[in-house]
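Chemist: Generate the whole structure from the sequences, applying the supplied hints.
Chains A and B supply the protein sequences, listed in that same order. Per the numbering used here, the very first residue in the first sequence carries number 1; after that it's consecutive. Per the numbering used here, the very first residue in the second sequence carries number 1; after that it's consecutive.
Do not rely on the hints blindly, as some may be mistaken.
[What the hints assert, rightly or not] Distance ranges between label pairs, derived from CB positions: (1) B:GLU350 to A:GLY162: 53 to 61 angstroms; (2) A:VAL237 to B:SER7: 43 to 51 angstroms; (3) B:SER3 to A:VAL237: 26 to 34 angstroms; (4) A:GLN159 to B:GLU280: 41 to 49 angstroms; (5) A:HIS156 to B:ILE258: 16 to 24 angstroms; (6) A:ILE84 to B:GLU280: 32 to 40 angstroms.
[Unchecked claim] Computed far set for chain A versus chain B, every beta-carbon distance over 12 angstroms: (7) VAL21; (8) PHE47; (9) MET75; (10) GLN105; (11) GLU142; (12) LEU144; (13) THR150; (14) GLN151; (15) SER161; (16) SER192; (17) ASN194; (18) LEU205; (19) VAL237.
Simulated from the structure, these hints should not be mistaken for lab results. We put the CB at the ideal spot given by N, CA and C, even for glycine.
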Amino acid sequence: MVVAMYAKQNEGVHERVESKVLVSAKGLTKTYRRGTEEVRALDGVSFDLQQGEFTAIVGQSGAGKTTLLHLLGCMDTPTSGEIIIGGHSTKGLSDRALTQLRREQVGFVFQHFGLLPTLTVMENLLLPTLFSKREAKARANELLEQVGLTQRRNHHPNQLSGGEMQRVAIARALINRPQILLADEPTGNLDSVNGEAILQLFHQLHREGLTIVVVTHNPILADATQRQLVLRDGQLVP
Amino acid sequence: MLSLALSNLTRRRLRTALTLLGVAISVGVLACLLAFGKGYEAGLGRELNGMGIQMMLVPLGCPYDAAARVLKGKTLEVSLPANSLNIARQEGKVEVAAPLLMATLPRPAEGRTDLWVGIDESVRPLKPWWKMTTGSRWFPDANSVILGAEAAATELRQVGDTFFSPETGRKFTVCGVLERSGTSDDSQFFVPLATAQEMFHQPNRITAVAIRLKDPTQITEVSTRLQQVPGAQVVTMAEMMGTFLNLVGSVRTLVSAIAIVALCISGLSVFNTMLSAVLERTRELGVLRAVGASRSQVFCLLSVEAILLTTLGSTLGVVLALATGRFVEMGVRLFVPMAPADTLLNLSREVIQQCFMVGVVVGLGAGLYPAWQASRLQPVEAIRID
Ligand SMILES: Nc1ncnc2c1ncn2[C@@H]1O[C@H](COP(=O)(O)OP(=O)(O)OP(=O)(O)O)[C@@H](O)[C@H]1O
Ligand SMILES: [Mg+2]
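Modeler: Encoded structure:
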């Protein structure tokens with residue numbers, strides 16, 4: 001059921017209907033418990049993300065950016081409020097349904113790449129398809145080509161530079177053709193040259209119609225986006 | 001998934017190796033134990049069956065001890081009247097009833113004790129493994145002796161030689177020498193029954209009657225009837241086997257306990273390995289969850305790792321058992337009564353299968369909790385750890 005509904009959304013990508021809302025956050029609140037103290041990492045955050053939009057989430061350290069990105073990627077559930085993806089609320093979904101959402105609708109790029117050290121570039125790329133039992137060799141080759149790492153396919157992560165690892169991580173996030181790409185400080189661990197390469201890659205993906213959200217401290221990357229969401233102490237600054 | 005599990009095991013080689021070794025040793029012990037039990041039973045059964053004896057008539061007393069002594073070539077202090085042989089022979093369902101009179105002859109000058117056995121022709125069908133060396137004959141007269149292979153070697157006698165026994169003051173002619181058979185017969189001196197009775201002043205007495213039935217299924221019926229023979233009692237081979245196995249049973253219980261402790265320890269070490277693997281790889285497992293692995297898939301992954309570990313360990317253990325089984329057997333022989341002559345360790349396919357089963361079960365058991373822990377990780381918890 002979830003899949004069918006997103007398949008329809010997929011067509012939307014190609015049509016590039018500017019006004020179509022892909023993700024809608026409504027009053028998102030997330031509190032963490034640290035001992036007896038309660039930390040309010042997010043406090044009533046609401047916004048819409050349009051289909052095909054390239055958005056940056058910026059803000060000071062501890063403002064709640066990562067927390068928000070995790071909620072958007074269904075990696076975590078909000079304490080209150082809800083996220084509506086493609087018109088359907090994710091509230092109260094089972095772990096199984098959330099897993100499926102993560103697998104099929106969301107591409108997530110971790111700040112620390114999140115590559116498995118024992119697997120080669122190619123195996124890392126194909127990791128998500130291992131769980132969806134989907135044949136994706138062709139797609140993997142295509143993505144490697146796109147991120148310019150075809151020659152590195154059989155290398156292990158420790159043989160790659162930071163920029164290369166980040167590109168593998170992005171390629172992996174795209175393997176299941178997600179609706180939205182979420183990246184947590186994708187240039188945070190990279191020098192400016194590699195950061196620029198990643199930025200170009202995002203631009204290219206954006207042109208292809210992908211919806212992208214990045215959390216970043218990098219002003220160059222933030223300025224390159226269409227829209228900036230500024231967080232301060234868990235709240236959106238208008 | 002399998003290759004992913006395998007690649008995870010290869011990353012902590014030393015720890016994996018140690019865990020494997022632990023599993024291998026305990027499974028090896030288990031394999032030897034099972035194989036030994038099977039082999040002992042089979043060997044004993046073969047040996048008793050090979051004799052073609054279904055029951056034995058022995059003097060009253062501890063019947064099992066008596067039968068065991070007769071089988072293993074030791075003397076009894078008491079004897080049976082010779083007419084018990086006739087009673088046995090008259091029993092219609094008996095095919096062969098062979099009298100035996102066994103006596104020891106101390107040889108203080110040589111520092112050893114010889115065992116003399118009085119027999120008649122009827123014993124031959126019960127000793128199918130007897131092969132005479134060339135030139136041998138069955139007793140041509142009362143003063144003939146047939147020597148076991150070892151006895152002949154120690155006495156330096158061959159067929160046709162004469163042989164004086166100073167202790168009994170008799171002169172014998174060696175009419176036959178037996179080929180080596182690996183049984184207690186090798187060291188014995190066989191003479192005609194009447195000669196033995198005379199030599200050892202046991203007129204009309206015998207030590208035991210070995211009986212073969214025409215139809216082995218009638219064993220209960222015949223044994224109740226022969227039970228009536230005065231001064232004698234019947235021991236069936238099934239009872240004998242049971243007694244031997246009971247004796248071995250206590251040894252086995254002990255070794256079983258050791259094997260179980262070893263298995264528990266190796267299970268714990270698998271548990272430890274898996275649990276620390278989960279802790280170490282929290283972040284990676286979170287990544288798996290984040291890219292779309294379901295709880296059950298993470299659970300499966302860790303279980304497969306644990307099972308892989310113990311299956312590999314079990315394989316090693318079986319190999320270990322095959323490689324060192326000979327030495328284990330040598331050790332075991334020192335402690336086990338009436339060990340059959342042929343190999344005790346019987347590493348059959350069945351035993352190997354059982355060992356693998358145990359290995360997989362231990363792996364599953366030890367891997368269950370770590371795998372469950374791993375599957376409970378939320379993707380975000382895992383990613384956050386720095
Ligand atoms: N698991 C947690 N337990 C307790 N508090 C947490 C947890 N995760 C985050 N927090 C707190 O929530 C707040 C928001 O954290 P978050 O990681 O979202 O900030 P951020 O904007 O991503 O910061 P940075 O730029 O440093 O990455 C912080 O005060 C943080 O200490
Ligand atoms: Mg952060």
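Chemist: Indicate, hint by hint, whether the structure satisfies it.
Modeler: Each hint, compared with the structure:
1. Between GLU350 of chain B and GLY162 of chain A the Cβ separation comes to about 56 angstroms, which falls inside the hinted range of 53 to 61 angstroms.
2. Taking 43 to 51 angstroms as the suggested C-beta distance range, the pair VAL237 of chain A and SER7 of chain B conforms, at roughly 46 angstroms.
3. The beta-carbon spacing between SER3 of chain B and VAL237 of chain A, approximately 48 angstroms, falls outside the hinted interval of 26 to 34 angstroms.
4. Range check, GLN159 of chain A to GLU280 of chain B: about 21 angstroms between beta-carbon atoms, so the 41 to 49 angstroms window is missed.
5. At about 43 angstroms, the CB distance of HIS156 of chain A to ILE258 of chain B disagrees with the hint of 16 to 24 angstroms.
6. About 38 angstroms separates the C-beta atoms of ILE84 of chain A and GLU280 of chain B, a value consistent with the hinted range of 32 to 40 angstroms.
7. A cut-off of 12 angstroms between C-beta atoms confirms that VAL21 of chain A is not in contact with chain B; the least separation is 24 angstroms.
8. Remark: the non-interface label on PHE47 of chain A is consistent with the geometry, its nearest Cβ contact in chain B lying 20 angstroms away (cut-off 12 angstroms).
9. For MET75 of chain A, the shortest C-beta to C-beta distance to chain B comes to about 4 angstroms, within the 12 angstroms cut-off, and the non-interface label is violated.
10. Distance check on GLN105 of chain A: its Cβ comes as close as 10 angstroms (rounded) to a Cβ of chain B, failing to clear the 12 angstroms threshold; non-interface status is violated.
11. Non-interface call for GLU142 of chain A relative to chain B: holds, since the shortest CB-CB distance, roughly 18 angstroms, exceeds 12 angstroms.
12. A cut-off of 12 angstroms between C-beta atoms confirms that LEU144 of chain A is not in contact with chain B; the least separation is 17 angstroms.
13. For THR150 of chain A, the requirement that its beta carbon stay farther than 12 angstroms from each beta carbon of chain B is met, with the minimum near 22 angstroms.
14. Under the 12 angstroms C-beta cut-off, the non-interface status given to GLN151 of chain A relative to chain B holds; the minimum distance is some 22 angstroms.
15. With a minimum CB-CB distance of about 20 angstroms to chain B, SER161 of chain A clears the 12 angstroms threshold, and the non-interface call stands.
16. The Cβ of SER192 of chain A sits about 24 angstroms from the closest Cβ of chain B, beyond the 12 angstroms cut-off, so the non-interface label holds.
17. Residue placement check: ASN194 of chain A keeps its beta carbon more than 12 angstroms from all beta carbons of chain B (closest about 21 angstroms).
18. For LEU205 of chain A, the shortest C-beta to C-beta distance to chain B comes to about 18 angstroms, beyond the 12 angstroms cut-off, and the non-interface label holds.
19. Interface exclusion of VAL237 of chain A from chain B stands, the closest Cβ pair being 24 angstroms apart, more than 12 angstroms.
Hints 3, 4, 5, 9 and 10 from the list above are not met by this structure, while the remaining hints are.
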